[in-house]
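Chemist: Sequence:
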Amino acid sequence: MDNRRLEGRLVGSTEWKEFEATSDCRPLPGGIGNLDEFRTDFWPDFVGLTLRFFDPATRRWSLYWIDRRTGVLQPPVVGSFEGDTGVFEGQDELRGQPIRVRFLWSRKDPARPRWEQAFSADDGQTWETNWVMQMTRIGEGK
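When you line the sequence shown up against our numbering, it's residues 531 to 672, in that order.
Please keep in mind that the hints were generated in silico from the structure rather than gathered at the bench.
Derived Cβ-Cβ restraints for the label pairs, each shown as a range:
| hint | residue 1 | residue 2 | range |
| --- | --- | --- | --- |
| 1 | 562 | 604 | 17 to 25 Å |
| 2 | 667 | 604 | 24 to 32 Å |
| 3 | 575 | 652 | 31 to 39 Å |
| 4 | 542 | 640 | 30 to 38 Å |
| 5 | 656 | 636 | 18 to 26 Å |
| 6 | 540 | 562 | 29 to 37 Å |
| 7 | 573 | 594 | 13 to 21 Å |
| 8 | 565 | 542 | 30 to 38 Å |
From a predicted model like this one, the values you see are computed outputs, not experimental measurements.
Glycine included, C-beta positions come from ideal geometry on N, C-alpha and C.
Assemble the whole structure, with the sequences as input and the hints as a guide.
Modeler: Below, the structure written as structure tokens:
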């Protein structure tokens with residue numbers, strides 16, 4: 531997958547780094563969600579996982595991230611899909627300050643899903659997109 535990642539976050543950076551990565555997504559038992567393994571040579575020995583859990587009663591997803599750097603499960607972003615667009619938001623911290631985090635998923639082209647991450651330091655009044663992934667599906671999607 532093609533990645534574009536802003537070098538500095540919420541500091542007015544305009545420098546983007548581009549790199550390739552792979553993602554292996556597989557279902558969790560009982561249809562409770564899926565696990566996505568992210569790897570890239572951009573950061574040697576890097577491994578990250580997204581755990582996604584689906585609540586059929588609310589039709590909402592809870593997405594959690596963990597990676598090898600810290601081994602700490604990050605706070606979730608929670609949301610749902612309306613048509614081909616998914617919006618997921620949550621709270622986190624950046625440099626000791628509270629921020630809002632937003633993931634946007636687009637599945638308008640099922641063979642080329644797109645993901646964007648944005649941060650807000652003003653409780654969602656403005657957003658800075660800091661990472662974009664353009665994926666190419668290989669094999670069957672789950």
